[in-house]
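Take these sequences, add in the hints, and give me the full structure.
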Amino acid sequence: MMAVRRRWSWRGRWARTTAAAVVITVLGSAQVALAVAPAASGWHGLGWDLPPLQTPKSVAGSADRPGAVPHTNTKDDVLTKPAAVAWPGTASATVDLSATTAGSRPPAHAPAGTLPVTIARGHETATDTITTQHGSGQVKVETVDHALADRAGIRGTLLQVTPTAGDTEGPISLSLDYSAFAAAYGADFGQRLHLVQYPVCVLSTPDKPECRQATPVESSNTPKTKHVTGQVTLPRSTNSMTTHPSAAGASSSAVVAAVSGSNGGGGDFTATSLAPTGSWTSGGSSGDFGYSYPITLPAAPGGKAPGVSLGYSSGSVDGLTSATNNQPLLGR
Numbered sequence: 170m171m172a173v174r175r176r177w178s179w180r181g182r183w184a185r186t187t188a189a190a191v192v193i194t195v196l197g198s199a200q201v202a203l204a205v206a207p208a209a210s211g212w213h214g215l216g217w218d219l220p221p222l223q224t225p226k227s228v229a230g231s232a233d234r235p236g237a238v239p240h241t242n243t244k245d246d247v248l249t250k251p252a253a254v255a256w257p258g259t260a261s262a263t264v265d266l267s268a269t270t271a272g273s274r275p276p277a278h279a280p281a282g283t284l285p286v287t288i289a290r291g292h293e294t295a296t297d298t299i300t301t302q303h304g305s306g307q308v309k310v311e312t313v314d315h316a317l318a319d320r321a322g323i324r325g326t327l328l329q330v331t332p333t334a335g336d337t338e339g340p341i342s343l344s345l346d347y348s349a350f351a352a353a354y355g356a357d358f359g360q361r362l363h364l365v366q367y368p369v370c371v372l373s374t375p376d377k378p379e380c381r382q383a384t385p386v387e388s389s390n391t392p393k394t395k396h397v398t399g400q401v402t403l404p405r406s407t408n409s410m411t412t413h414p415s416a417a418g419a420s421s422s423a424v425v426a427a428v429s430g431s432n433g434g435g436g437d438f439t440a441t442s443l444a445p446t447g448s449w450t451s452g453g454s455s456g457d458f459g460y461s462y463p464i465t466l467p468a469a470p471g472g473k474a475p476g477v478s479l480g481y482s483s484g485s486v487d488g489l490t491s492a493t494n495n496q497p498l499l500g501r
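Throughout the sequence shown, residue numbering follows our numbering, covering 170 to 501 in sequence.
Treat the hints with caution; some may be incorrect.
Derived lysine-lysine pairs resembling DSS-like cross-links, with alpha carbons at most 27 Å apart [to be verified]:
| id | residue 1 | residue 2 |
| --- | --- | --- |
| 1 | K393 | K250 |
| 2 | K250 | K395 |
| 3 | K309 | K395 |
| 4 | K309 | K377 |
Keep in mind that the hints were calculated from the coordinates and are not lab data.
Below, the structure is given as structure tokens:
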């Protein structure tokens, strides 16, 4: 029994000695790790650094007063103040037409005195070049009183261009500034302006139906500058100055009018075409206009085909706003 106890006692002392050595080794390793850890640098000890923050720089300047607030038309102004309208009055001016050579570009427009009109030789081809040589010439431009246009039932303004001297053959380019009467009527009147030509008798007998027959003139409207431009061809010069539309020589002039069309940049006032196969409704308290067009489908193998149609409602689609002007309710 004594031998057995001594053997277990020796083994116990050996186990305790080994455990103590392991503890000392682990603690030593921890101390080495703790001693090495502080050597790491950078952001939170992760070993890398953040880039430096940008430093704001001051810019030299000086104090300045704010400018005046630009004027804008408020809702009250639009509803209570009618737009200023100034129709051209009776006035005249002469404009010299410069000589040109074949193949050259048309010259720039020349102002007709203080009138809202500019004149230049036009181009005879789609390539915007003059094909025929022209000598110098002179034309007389007259603006007609708006009361005469009213008598003729013309909702616009009238101009008369008369050849007075030199070479005035070929197309003449005419540009009218309509900024003074762009808002004479509603629905973007200025943007819908285009040029037409009337018989000369409209100035002396505006009540006759044959004098009210208008011939369209190829023209273009530039809303940004409020100019409508077109080309007219004048008769051969009579070398006589006219002092009144009804005077001798007036028959050799051209009478041009700027009138409104059915469409412009703000919308189209042309009546909507209705097909006999379609159906439409209008009226009611809302003034809504509705139109539907059925689409025929082939029969389905298992029975009837679904009903399909294209529908339009002016109230839900366009809202009868001034931006579209489709199917307006009143006053158009």
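Against the structure, the hints come out as follows:
| no. | hint | in the structure |
| --- | --- | --- |
| 1 | K393 with K250 | 23 Å, holds |
| 2 | K250 with K395 | 21 Å, holds |
| 3 | K309 with K395 | 23 Å, holds |
| 4 | K309 with K377 | 26 Å, holds |
Checked against the numbered hints above, the structure violates none of them.
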